[in-house]
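Protein chains in written order, with the numbering used here: chain A, 8 to 122; chain B, 8 to 118.
Hints listed in this document are in silico derivations from the structure and should not be mistaken for laboratory results. Quick reminder that beta carbons are idealized off the backbone N, C-alpha and C, glycines included. Be careful, since some hints might not be right.
Stated by the list, open to error - Taking CB as the label site, the calculated pair distances span:
hint	chain 1	residue 1	chain 2	residue 2	range
1	A	Gly23	B	Ser59	41 to 47 Å
2	A	Ala87	B	Ser58	39 to 45 Å
3	B	Gly23	A	Thr120	38 to 44 Å
4	A	Thr27	B	Arg113	28 to 34 Å
5	A	Ala87	B	Gln9	24 to 30 Å
6	B	Gln10	A	Gly47	15 to 21 Å
7	B	Ser76	A	Asp91	35 to 41 Å
8	B	Glu65	A	Gln48	27 to 33 Å
9	B	Gly23	A	Gln48	27 to 33 Å
10	B	Ala48	A	Asp91	19 to 25 Å
11	B	Lys75	A	Asn78	35 to 41 Å
12	A	Leu122	B	Lys63	46 to 52 Å
13	A	Asn86	B	Gly23	48 to 54 Å
14	A	Gly47	B	Ser58	26 to 32 Å
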Amino acid sequence: ETGVTQSPTHLIKTRGQQVTLRCSSQSGHNTVSWYQQALGQGPQFIFQYYREEENGRGNFPPRFSGLQFPNYSSELNVNALELDDSALYLCASSFRSGVSTDTQYFGPGTRLTVL
Amino acid sequence: DQQVKQNSPSLSVQEGRISILNCDYTNSMFDYFLWYKKYPAEGPTFLISISSIKDKNEDGRFTVFLNKSAKHLSLHIVPSQPGDSAVYFCAARWYGQNFVFGPGTRLSVLP
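Same shape as in the complex, but just chain A:
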């Protein structure tokens, strides 16, 4: 059983650019959630994908968007990068049956630095 993987590990971009982060979910999981973790804070929920559709969104602007693919992997896209977007981006996979998701398992994260 493979765990959650994320790529790339680190990324440096400049303000105004666009970035795509990738996540492969754990075997048997059908749901992917994305979080942003700023330094010294807990993970902040960005959105969740289930059955290739966005299912729940946190307090993030529309320039944060995502995709989920038929194999349950996912992408997080951020357009028009701002300095405050510098953070650790975490992907978590889980199994959802019915309305609620089960325990989430995290990948190692992608460290994004915006200059």
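With chain A fixed as given, assemble chain B onto it according to the hints.
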């Protein structure tokens, strides 16, 4: 508005003693709670969970207690080991919604 609070940013404990990490929440609708441990440069690792229908759950050295009337949960680690030194997050959700995380508590276990 912080729905999940961990009011102690850091905690130091001697090896072999008990570590108690606390978490308070404001939303009485929360029905499922998790604790995660995070080492530097790694993603959070799931430790233990508890449903709101229980008041205690144990898994080896880790025990989580839930006091619904006080909207408080705690994680007990007994005995504490140096490898337990990490940042601990509590997270909560209510039915059909997504998880809300606290800001974390950094635990240092001193040899």
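The hints, checked one at a time:
1. Gly23(A) to Ser59(B): 41 to 47 Å: holds (45 Å)
2. Ala87(A) to Ser58(B): 39 to 45 Å: holds (41 Å)
3. Gly23(B) to Thr120(A): 38 to 44 Å: holds (40 Å)
4. Thr27(A) to Arg113(B): 28 to 34 Å: holds (32 Å)
5. Ala87(A) to Gln9(B): 24 to 30 Å: Taking Cβ atoms as reference, Ala87(A) and Gln9(B) lie about 28 Å apart, which means the hint holds.
6. Gln10(B) to Gly47(A): 15 to 21 Å: Roughly 18 Å apart at Cβ, these two residues keep to the hinted range, so it holds.
7. Ser76(B) to Asp91(A): 35 to 41 Å: holds (39 Å)
8. Glu65(B) to Gln48(A): 27 to 33 Å: holds (29 Å)
9. Gly23(B) to Gln48(A): 27 to 33 Å: 31 Å Cβ-Cβ, so the 27 to 33 Å window holds.
10. Ala48(B) to Asp91(A): 19 to 25 Å: The hinted range 19 to 25 Å holds for Ala48(B) and Asp91(A), with Cβ atoms some 22 Å apart.
11. Lys75(B) to Asn78(A): 35 to 41 Å: Holds: the Cβ-Cβ distance is about 40 Å, inside 35 to 41 Å.
12. Leu122(A) to Lys63(B): 46 to 52 Å: For Lys63(B) against Leu122(A), whose Cβ atoms are near 48 Å apart, the range 46 to 52 Å holds.
13. Asn86(A) to Gly23(B): 48 to 54 Å: Hint holds: Cβ distance 51 Å, inside 48 to 54 Å.
14. Gly47(A) to Ser58(B): 26 to 32 Å: holds (30 Å)
Of the hints listed earlier, there is not a single one the structure fails to meet.
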